[in-house]
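Turn these sequences into a full structure, and let the hints guide you.
Protein chains: 2
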Amino acid sequence: MFVVECHHMRQSKLFSKTRFESPKDEVSKNADLLIRGGFIFKEMAGVYAFLPLGLRVLKKIEKVIREEMNALGGQEVFLTTLQEKELWLKSGRWDDKVVDNWFKSELKNGTQVGLANTHEEALTDIMLSYVNSFRDLPIYAYQIQTKFRNEARAKSGILRGREFMMKDLYSFSKDKKEHDEFYERSKEAYKKVFERVGLGESTYITFASGGSFSKYSHEFQTLTESGEDTIYIDEAKKIAINKEVLNDEVLNELGLRKDTLIERKAIEVGNIFTLGTRFSDALGLKYKDEKGESKQVFMGSYGIGLSRLMGTIVEIFGKEGEMIWPEEVSPFKAHLISLAGNDEEVVKVSEKLYKELTDAGIEILFDDRDMRVGEKFADADLIGIPFRIISSKKTMEKNSFEIKDRVTGEISYLNTEEIIKKYSSR
Amino acid sequence: MFVVECHHMRQSKLFSKTRFESPKDEVSKNADLLIRGGFIFKEMAGVYAFLPLGLRVLKKIEKVIREEMNALGGQEVFLTTLQEKELWLKSGRWDDKVVDNWFKSELKNGTQVGLANTHEEALTDIMLSYVNSFRDLPIYAYQIQTKFRNEARAKSGILRGREFMMKDLYSFSKDKKEHDEFYERSKEAYKKVFERVGLGESTYITFASGGSFSKYSHEFQTLTESGEDTIYIDEAKKIAINKEVLNDEVLNELGLRKDTLIERKAIEVGNIFTLGTRFSDALGLKYKDEKGESKQVFMGSYGIGLSRLMGTIVEIFGKEGEMIWPEEVSPFKAHLISLAGNDEEVVKVSEKLYKELTDAGIEILFDDRDMRVGEKFADADLIGIPFRIISSKKTMEKNSFEIKDRVTGEISYLNTEEIIKKYSSR
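Residue numbers (our numbering), protein chains in the order written: chain A, 1 to 426; chain B, 1 to 426.
Among these hints, one or two may not hold up.
[Unchecked claim] Stretch by stretch, here's where chain A covers chain B in the computed footprint (C-beta under 8 Å, at least three residues):
hint: 1; stretch: 77-84
hint: 2; stretch: 369-376
[Said to hold, decoys possible] Anything over 12 Å on all C-beta distances counts as not near chain A; from chain B, calculated:
hint: 3; residue: 22
hint: 4; residue: 87
hint: 5; residue: 92
hint: 6; residue: 178
hint: 7; residue: 180
hint: 8; residue: 185
hint: 9; residue: 212
hint: 10; residue: 213
hint: 11; residue: 247
hint: 12; residue: 250
hint: 13; residue: 257
hint: 14; residue: 281
hint: 15; residue: 418
[Claimed, not checked] In the DSS-like style, the derived pairs of lysine-lysine whose C-alpha atoms are separated by at most 30 Å in a straight line are:
hint: 16; chain 1: A; residue 1: 59; chain 2: A; residue 2: 155
hint: 17; chain 1: A; residue 1: 108; chain 2: B; residue 2: 243
hint: 18; chain 1: A; residue 1: 174; chain 2: B; residue 2: 348
No wet-lab data here; the hints were simulated from the structure. Please read these numbers as outputs of a predicted model, since none were measured by experiment. No residue lacks a Cβ here, since even glycine has one placed at the ideal position from N, Cα and C.
If you want it as structure tokens, here you go:
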């Protein structure tokens, strides 16, 4: 099949540009760096457009999450933004006094509609058409899409958006036992997601308050000073407790001791929750078991905010005027910077390398611009690709290119073949 | 890199089920067949959720469009749904008297917001930050995302949704000449898209009314009796005229004769439009030319409705209780149907083939269900995958499998190796 993926790009063609001043109306590090790097554009508070570089990062995160959800047995769907009032009345969540972050609108005929902030009701309603017998269960369905929350204050950049990208998975199981088994597997899948996007070390599975069907829910909290949540971590055991459940009984149950816990600020990047029969009761989602008896379906929900995850990565890996993306979510695999000046030979060598790398399927951002060296490096610092390939008169004379690993600072000199080998395997 | 794409699926695990009765509240063929096949689920009139099979088709269409837009030099972005009133006041399109299909909502502080039905204003506003000099142009930016239109009546299934999936590209050029060149290239890209999704033969480029900056705009109209538009086609020249511009002057200009034109019903699956300086004037988007003089940016817009395209494909290729997807948008490459009954040997052979095909990276839907033959075929007819692979006692005895091309009706007998060869190359 004919394929034109966009594996590479000339920086001279990229419409977004970096800027060196911080935007005046942003207080969060993530919005500051992402706007300066040309990743996002602020439409209004809590509402950001994704520009080409930003969308590439978001899609890398999306790919990681999709792969892990598929590996978990998830079936991907795409539910609607517009939500029917009647459906949400059944679960008791239509009223703004119950869920206060609704955006609501209306059809031309005056019918009220809401903009989805979550999809328990909608998906449970769909399952009424498809779940009859024990043979139809379990079902795991997920989606990756824009959600809407009418936040009163939105000043944390893409950490807390009025519209934001989210993965939400819902599990439908025959009973608590089947649910619990999946719930445990989902923890492992979540850990893999956070490891792959570079947050493995700083992310703690955190015990938080549950609902009627489970004592705890679990949050995935990434440690950073800019976090809005306060958690108590046990570094050795790599688990944490949310403030709301910190009491002697819980400590005892989890085998933790108060004096080894450390208070830290964190961002909630994911959460998993046992819903039990809360929604299957409200909407009447039942199945017939092996004996022909009618049973309630047992549910769970599993969320990860993609845009919040992207913001968290910037909070962790960003510095003043500088970003280094973790390898798997970097907008490109490597940043090829041509320092040709007006040397036509260097231009030729850089162009040749660009062609050879892109022909080999390696994702390259090529800084082919005729611009001062200092500006090029300052731009590259903001764009944040972890590997930098320099092509200059100096490297040409060595018949090689300079490769810089920005994380370790390590510099090596490789020829084209060696570069292809290095990046094809990653 | 670790990859788990979802190339294959067991039908026993697919949560959606086919249904043989038509839904009572649908009058359109596309909604009828797509609901019966388990592709979509109706939330409310004009608002449909995409279930696993439907989302796969939508993603196939998305892939085709993305590839062609990238080949055209498009840079992908993802703009916001929530739109600021002030911005749209500048272009004069905020008032419901001007644009009557707005959905509007409001922030907690009472600020009115709209849900995007198009993005000329938003993207032009973004370009104010990035376009300064002639060196920054041209720019082609596109996105694929949900749009919202508050349709008064929505009874055409996914042909006319209140929320729907759309690709919209916007071009920013230095002048009309540069614009025209891209506009012509975009026509070719659009033709390729419609060819690849199987609508090439039935889709006509159609002259429609332009605006202040161009006499014509162009629609891509797919012939079908269920279409809402009336066009006049010249079959030999493969062009058409929209009713609104059918007059002697236009006929003369296009070298067409009234008596060779045939009136047909059609669905508008795409359109391209010369915006000129309509929005760059309203928002003040200028650039400095080679002489340092300030000039207005010249714009165009280019739309394709993905969900409408999917609905159109069903209108064209669907029959009563039966669908055949064009190969490139089929949810799976082939449908492997095991007719094992209670023959354990056939089960083994079918499972082995499924594993070998999926290991070879071929997208397979595997009907592994223990169910009557007639039901299996009726389901397969509704799901509409163009190639069917039958594994039965009969084929096992021949040491091969039966392959049916549902378009030509051709039947052949191939072994595993031959099947892999046949589908790996497509």
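Would you list, in rising numerical order, the hints stated earlier that this structure does not obey?
2, 4
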